[in-house]
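Novice: In case you want the letters, here they are:
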Amino acid sequence: MKGSKGSGARWIKGAAFAALSMVSSHSWAGVYDAGKVFLTGGVFTVDGGGGGGAVPWATITGYETRDGINGGVGFTYVSLPNYTLNFLGASVGFFDRFELSYMNTKLSTNLSNVDTVALVTSVLNLDTNLGLDPNGSNLHMETYGAKLRLFGDAVYTSDSFLPQTAIGAYYKVNSTKEFVRTLSAAKNKDYEIYAAFTKVFFRYSTLVNLTVRYTSANQIGLTGFGTCDGGHLNCENDKEFRMEFSAAYLLQKNFAIGGEWQQHGNNQKHKSVDVAGLLDTDASGQSLLTNGVGALVGGVVGATTLAASLTQNESDWYDVFAAYAPNKNYSITIAYLFLGDIAVAHEQNGLYLALHATF
Amino acid sequence: MKSFTRNLMAGAALAMAALASAPSFAAEQKTSPILGITSSALEEFGGRDGVRAWVESLFYYIMLDNRIAPIFREFGNVERQTFLNTQLEIMVLGGPNEYQGASMSAAHADLGITMSQFNAVVEAAYNACERNVIPYHSCNQLINALAPFTADIVTR
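Protein chains in written order, with the numbering used here: chain A, 1023 to 1381; chain B, 287 to 442.
These are computed hints drawn from the structure, not numbers from a lab. Cβ coordinates follow ideal geometry from the N, Cα and C atoms, glycine included. All clues given are correct.
Stretches of chain B that chain A covers, calculated by requiring three or more beta carbons in the stretch to come under 8 Å of a beta carbon on chain A:
1) 321-330
2) 401-415
3) 423-434
Generate the whole structure from the sequences, applying the supplied hints.
Specialist: Dropping the structure here:
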């Protein structure tokens, strides 16, 4: 009997033991590390990497030091007058040197004018796909990120002005291609690169960060990249350098308040929603859309006003935030956002809530 | 001739006094954080006695932390550490340099301290501030002043 057990069974046992010890905390303890000081990895940004709310910092995500790996998952909810955003993502920091991140973003619109366009399109049975839904249209984007710390230590080199410096890149894929095209963007997927400089000034218990991003994104890519004229003609997708700034004041070792500014481009300024000729007017000043709206909703929405309301604009983003890390396993960030004009909606200010769980 | 001797003696005494103000045993110097520290930092810690009480709390928290307690148990006599750290902290907080210990690099050279272990001491430092009711902002003045020693202490 003993002989019939064979070397195969022993091999399987050995493999099982090896697999077990791989996941056992004892073995894992060799690489797992949570030695960083509170909040010094930054919180969870809307792009997925470590930083403030919108601005990526030079700090590497997670609580690992240069001897280990750490990371986490995060969820962010944003409520604006005409938009609701959900962000779900994960990020991992390696040896306080390198960071990988992923973010899945969904933006739901609550825009009566865009819904009306969708309704008219579906009622008129036009075969152009505008990517719109009469019951509320959605935008969806996935962001893949990587960041490399080049030099400097944001926290401990208090006798030098040299900041912690990192470079990073994002690749953003907007899967709602038709909607992005309707919003007159040139591309639905593109990359961004950035350099970030972060420094903690203990004298004033303050963290300061400056980021320069090379991008052509509209609303961080949620409404695409670059711009086209009506009918997807004369497309331009020229990247430019944009500035971003964060400052955080630490009230306690695990509680910070601060603000951010993120410069945005305005590729879609004065561009109308590209509704494939629906807005083209004939000699009498009537268009397919205004006729359709007139027939559908009559005086409820002024048809001409509707056409005018479909003009887009973009503003720089501002926010004020409070971040609290009760312990090293989670942090909560509450912010108030001043996002200005987003696509066809004005004055989009609202609440931001982010949860970040770290291991 | 007598006055010459007296002058010589006075000169020697002056030289001794000069030596005393910059003692030869001072193996560590004050750090110079870029924006400085608040001028009232030492006072905010409760003066010399306050610093001594803070260092005692610091070692209380260090010895409770399994990540770092063994190092101090093996290599450091806690009473001596408390004595020397009090001198070091008084110095970096703006007090006189009376530090009698070895330089930070010499004292830690063979210990192979990791960043995690260093950060654990920083956590103990903040806990000690809370225990001794030293405001967070004041506590940061000490962290600010000690931070430049990081590279000397963390060798692994």
